[in-house]
Amino acid sequence: MTDTDASAQDVPAAGPAGPADPPTVPAIGLDGVAKEFHSRGETVTAVRGIDLAIRTGEFFSMLGPSGCGKTTTMRMIAGFEEPTRGTVRLDGRDVTAAPPNKRDVNMVFQSYALFPHMSVFENVAFGLRRKSVPRDQITRQVGEMLEIVDLTGREQRRPRELSGGQQQRVALARALVNHPKALLLDEPLGALDLKLRQAMQVELKRIQREVGITFVYVTHDQNEALTMSDRIAVMNDGVIEQLGPPRDIYEHPATRFVAGFIGTSNLLAGSLARVTGGQGVIEVSPDERIIVRAGRSELTVGQEVELTVRPEKIELAAGPGPAGGCALRGTVTEVVYLGTSTSFSVHTTTGADVVVFQQNSASADTPVGRGDEVWLTWDPQHSYPIG
Amino acid sequence: MSAVVTAPASAGTGQAPRGAPRRRRWTRFVLPAYSWLIIAYLVFPIAVMILYSFNKVTTGLPQVSFAWNGFTTQWYQQWKDIPQLTSSFWLSIRLALAATIVATALGTLLALALVRYRPPQLRGKGFLEQVMFLNIAAPEIVMGASLLGLFVTINVARGFLTLLLAHVAFSIAYVAITVRARMAGFDRSLEEAAQDLGANAWVTFRKITLPLIMPGVMAGALMAFALSIDDFVTSNFVSGAAVPFPVWVYGATRIGIPPQVFVFGSAIFAVGILCALASIVVARRQT
Ligand SMILES: Nc1ncnc2c1ncn2[C@@H]1O[C@H](COP(=O)(O)OP(=O)(O)OP(=O)(O)O)[C@@H](O)[C@H]1O
Ligand SMILES: [Mg+2]
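Protein chains in written order, with my numbering: chain W, -1 to 385; chain S, 450 to 736.
Excised from the complex, chain S in its bound form:
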């Protein structure tokens, strides 16, 4: 690097300044091109899904075919023609919302405890953090299998409740870590100032602490929602009679995916895009 910068300067007047920019002109496209390639790599499968949600089906069976048969909005009009798919989709939505609310509340409190307290008050803080990272790093299949074992042992009927418990369990750590990152550098004197001005602990939390960590809480909530809505491995173990969307889709692949799956997939993606845009707008407005 430094050689590239200094050599032309010592080489003399006329040539050198022209030499350096030419070399830069060459390379300055490398990183942008690379970035766009990565984006294409990430977006391509989604684009295929959206595209095929508009594909006609020529066989009698309502199955996605991967030959292009022509454009249609038929599947968008008939989006709820497969009752099991629709009900599994709504189950996933309800599950994701419930899991998000519970996991966000619990994870935020955990983050507060981890930031605020040190060993005398919070014994085993290091252990707690280890468990949190283990929870994230542990293979999901281990967690799913062990949860199933647990639920069978204590004889809990598999259904919405077991799904909720499992989804909350794997989301808490993500929320806690996201919120904790936001809490770094939080000025405690703001809370003291609020107390000093007559706010009790609850008012201080609601008026000062929570609004200030809100971006972190929202990011954690979005992550919890995203983790829950597409979870297959754990859900497959603990779902029982209540079949969430990903589990149903997996089951359907064995006989052929109905095009409505792509419609739901595209819808979820669209909502995700909207959420991302909204968070960008909010972030812009705040700064």
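Chain W on its own, in the form it takes in the complex:
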């Protein structure tokens, strides 16, 4: 907001993006950005403090539960809200106080916000007309953009004469035709049904590859974020809990919140009986053990650890398996057929309930049913300490 700001870091460096980051200027940089709303004497902190460096050309998602501050963050990037603290940079330039029409980013609104009194053509041409682009160029560029989003021939329609998916694509074309530095999409597929949603996900990815523009994508659908993004920021209560590529987020959830929010995760806990070679062992019984590898911090004997294991990494077995692997005994409490896989809920001897996904293959093993005694085994590399 002002230059007498609390945020000390003035370096637009990669920050949370990781050490492998190339030392280029990020397309979008947020430094200690926070936003408080004041309504009826109360102060609502929507964003507590976010540092972010979004790279040029990347498909970046913000994922989080309702009310965690995704929209607010995006509106601060677009210029509709002024941060209470912190700095917003586009291509290294400080735009914190610039109005939306002075920022080279465009937004696709959740409600699309198509101008109802204008044709599809005029909607898409709106941004170009503001920049006084010559007439013939407007016609050409709008035509090209409508072709990309597959709406050629519908130029003269009014927005209400289009289907939801078509309106969505007009909104996309209207933003993209300006070739912004970055495109901000606030739950752009939220209003579409599942089939159309999936088709549009593929479509969006294709368009992003074609135009090569940075996409910042807000969603609370984890599958959408996992399948489409280059990197994901998982947000909760106004802060970023974890930032990284989808695989990292999914396989190595950094916090209990991320583990719970992304996919199904099994939480296990215990105290370490032995630590050898960077591996800690929780002894449950002579045959049962959970092995954890050291994560960010060193492991010590007697330490209480919490860890997560993804359901698809666990095998249902007849015995405890080799001594170097994790093994737990339990009773099957529920079997749910899910088409390509089956989900088993197992009540283990540690007292924890564990979910296991098994692929349904043609050569089905002896079926496991409710009440059966089973062994759960998994490779120690799939135990992730959190905290």
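Hints listed in this document are in silico derivations from the structure and should not be mistaken for laboratory results.
Incorrect hints may have been included.
To be verified - For lysine-lysine, the following DSS-like pairs were computed, each having C-alpha atoms within a straight-line distance of at most 30 angstroms:
#, chain 1, residue 1, chain 2, residue 2
1, S, K656, S, K574
2, W, K203, W, K193
3, W, K311, W, K193
4, S, K656, W, K179
5, W, K203, W, K179
6, W, K311, W, K203
7, W, K100, W, K203
8, W, K129, S, K656
9, S, K656, W, K100
Go by the hints and put chain S with the ligands onto chain W.
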């Protein structure tokens, strides 16, 4: 109601279904007939006026008589034979146009302020709304008399300007309320989208906000025009030497109304009908 619907169903097969429609056949004319009666009640005086604008005058004086003396278009041919009437008519037209333009602009801005802002930015919003409704509800005679008092006190010569000020004053609230009704449910993200695409505040207003609230603005303008063109009470207080049409007609009734008054009245009505038709056509085309 429900008894009428359910009783035949439980009564059995043959009779019941025939019974219900018969009863409906009876009553389904009531509301339409009622509507047409109301319309007749409203239109009848206007029809009389139009009819008598074609009435011959048998006495030597050019005065409307309310006996039918035969059809003539004489008064339409001699419509501007009474210079004072004609000039008062044109004064009313000029006044109504000016008042409409000013009141529509001011009223629209007031509506925008009332919809957009809440107390921290717009202090006394509730008070503002109260004053607006008071302005509509207050008897015109009070407003006319107090305006006259004001103009005399601050020593402003009564004429076109005082008429304009008075007409704008009583029209603003109507425009504001009409426009505000149109603004309800206005999607603010449309304006944000325009800004996002590079439009500044003025372009956003001209290209997005104004076109979308235009039907409300037009309705407000029509109302302001209608209020102004036939205003008598306030105008009578503040007119001074400039005599608008209604004031002149009122003055004329004491000696007898010339038939040209009916000609002007019919013309105003015809223009009103045309405006109404035009607005219907525009509304059809937009949806
Ligand atoms: N204009 C505002 N005035 C007051 N509080 C606001 C305002 N905008 C947002 N908030 C509050 O800020 C918090 C974050 O809102 P935000 O819209 O950013 O959430 P979100 O992550 O986009 O949620 P969703 O997934 O539901 O869209 C919420 O608690 C919300 O109530
Ligand atoms: Mg949101």
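Could you grab the alpha-carbon distance between W/K100 and W/K203 and see if it respects the 30 angstroms cut-off?
Roughly 27 angstroms between the alpha carbons, so the hint for W/K100 and W/K203 holds.
Hinted pair W/K203 and W/K193, Cα distance within 30 angstroms
16 angstroms, holds
Does W/K179 sit within 30 angstroms of W/K203, going by the straight-line distance between their CA atoms?
17 angstroms, holds
Going straight from one Cα to the other, do S/K656 and W/K100 come out at no more than 30 angstroms?
Given that 30 angstroms is the threshold and the Cα spacing comes to 18 angstroms, the pair holds.
Can the restraint linking W/K129 and S/K656 be considered satisfied, given a maximum Cα separation of 30 angstroms?
15 angstroms, holds
Decide if the proposed pair is consistent with the structure: W/K311 and W/K193, CA atoms, cutoff 30 angstroms inclusive.
29 angstroms, holds
For the pair supplied as a hint, W/K311 and W/K203, is the alpha-carbon distance within the 30 angstroms limit?
29 angstroms, holds
Satisfaction of hint between W/K179 and S/K656, Cα-Cα up to 30 angstroms:
Given that 30 angstroms is the threshold and the Cα spacing comes to 25 angstroms, the pair holds.
Would you mind confirming whether the straight-line C-alpha gap from S/K656 to S/K574 stays at or under 30 angstroms?
28 angstroms, holds
In this structure, none of the earlier numbered hints is contradicted; all agree with it.
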